[in-house]
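Novice: Residue-level listing of the chains:
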Amino acid sequence: MANYPDDLQYTKDHEWIRITGDTGRVGITFYAQESLGDVVYVDLPKVGTTVKANEPFGSVESVKAVSELFSPVSGEVIEINAKLADAPELVNSSPYDEGWMIVIKLSQTSEVDALLSAAEYEDFINEK
Amino acid sequence: MSSELRQSPLDALHRSLGAKMVPFAGWVMPVEYGGLVGEHLAVRMAVGLFDVSHMGEILVQGRDALRFIQHTTCNDAARLVDGQAQYSGLLTEQGTFVDDILVHRFAEDTYFLCVNAANTTKDADWLTRQATGFDVNVRDVSAEYAQLAVQGPRAVALVQSLTVEDITSLGYYRFRRDVVVAGVPTLVARTGYTGEDGFELYCAPGDAARLWTALTEAGNPTPCGLGARNTLRLEAKMALYGHDIDDTTTPLEADLGWMCKLSKGDFLGRGALQQQKESGLTRKLVGFEVEDRVPVRDGYPLVADGQELGRVTSGSPSPFLKKNIGLAYLPIDKTAVGTQVFAVVRGREVPCRIVPTPFYARPK
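From first to last, the protein sequence lines are chains R and V. According to our numbering, the first sequence is numbered sequentially starting from 1. According to our numbering, the second sequence is numbered sequentially starting from 1001.
Keep in mind that the hints were calculated from the coordinates and are not lab data. Keep in mind it's a predicted model, so treat the numbers as computed, not measured.
Quick list of in silico lysine-lysine cross-link-like pairs, DSSO-like style, CA-CA up to 30 Å: (1) V:Lys-1020 x R:Lys-12; (2) V:Lys-1322 x V:Lys-1020; (3) R:Lys-83 x R:Lys-46; (4) V:Lys-1284 x V:Lys-1261; (5) V:Lys-1364 x V:Lys-1323; (6) V:Lys-1284 x V:Lys-1122; (7) V:Lys-1284 x V:Lys-1334; (8) V:Lys-1122 x V:Lys-1277; (9) R:Lys-46 x V:Lys-1323; (10) R:Lys-46 x R:Lys-105; (11) V:Lys-1322 x R:Lys-46; (12) R:Lys-12 x R:Lys-46; (13) V:Lys-1020 x V:Lys-1122; (14) V:Lys-1020 x R:Lys-128; (15) R:Lys-12 x R:Lys-52; (16) R:Lys-83 x V:Lys-1322; (17) R:Lys-83 x V:Lys-1323; (18) V:Lys-1284 x V:Lys-1264.
Produce the complete structure using the sequences and hints provided.
Specialist: What follows is the structure in structure tokens.
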């Protein structure tokens, strides 16, 4: 299903990661943005910050609530999506492309094995 | 847990519309349908339809009804005529809120109170306990009523299109009990909780779905959930019980002194309010704007010079004003318009400025 592209990997906290070599671009899933509603603010770490798998790296806010963002993998933040400061709604309109959040240089590539495939993630949210 | 939650008579209808249902005040209610911002803006620009069947209704009836209402509420119910409603407070002896309510006068011996869902049982018990010595009967009639709110600039025309009675001439805070809307007998009140013109329609629970459907077919109002209801009422600076007011705060502190008629004679809490007025307020509920894009939420601390001044009672992005706004009790010397304070957001101090309220008032 187009809402969960096959070339991404997913977490049970509703983040996705697109792995390219030893880096990964991270955002939140279609399901996550739809559950949040209209996104009005995204709090991202600074470039150079070290993040850990399954630990918070920032937060995303809708009109009604604030939710933590969890990193799918460990590593160093090497890029952030500066566009989200002025256009946080990109998270809703384009969760897998323009609404991406950070790029991580992985410190433990084996962590990727613990992530869900698109099919596994879809099964997971359908059970909720 | 969920089996203990009460359901609106419109529960199935909400689910068929794709509403996100959430637990709220002992009920399961829609928080949003197609998106909170769209719903909010529809009420400001066109018309929105809310299910507020969770609200409580209490009937006060008897020879001493007026005297009893005067004793238990802080506003002056003697000013009401039949068919008129009034915002008021049920206060404790300490002058703090048991609840904020709408008092509708049916007749000199009959008053119909609309109360907060979470407080319905508490209010009915409270009123019953105060009734000793009054020839009056207090009855929780919540199960007999569903309530829909039709709010926004197109609201009056929409409801009018479904009834032969002239309701466009109904004054603000006036109501009629005998109006048949789309074949459904309703109490039509020109009241609301959004800052817009519109009506609150009370009907039998069994008629609620028919009324909702007729309104939808007649004017295509945007179905709105509790999320938009909250942001709308915050822009209009209408207090939310349990957040902006509760049994630790008085109407004077909440900037609702206008509804306390100390000259009407004795009432519960009057002595405490009189005393607070004479000694002067030490804190007051004020509105602030956040001078940053980050939203400031309920419960966040407000600080200045490293000292905590108070906590946010309601805080949210404002969908119409496109700013982040909030309410908080602050020490009286920090309440002047223009004063700068800081909200602590995830460890960061974010500048906020005290502004005049309401944040939004509809154009006259």
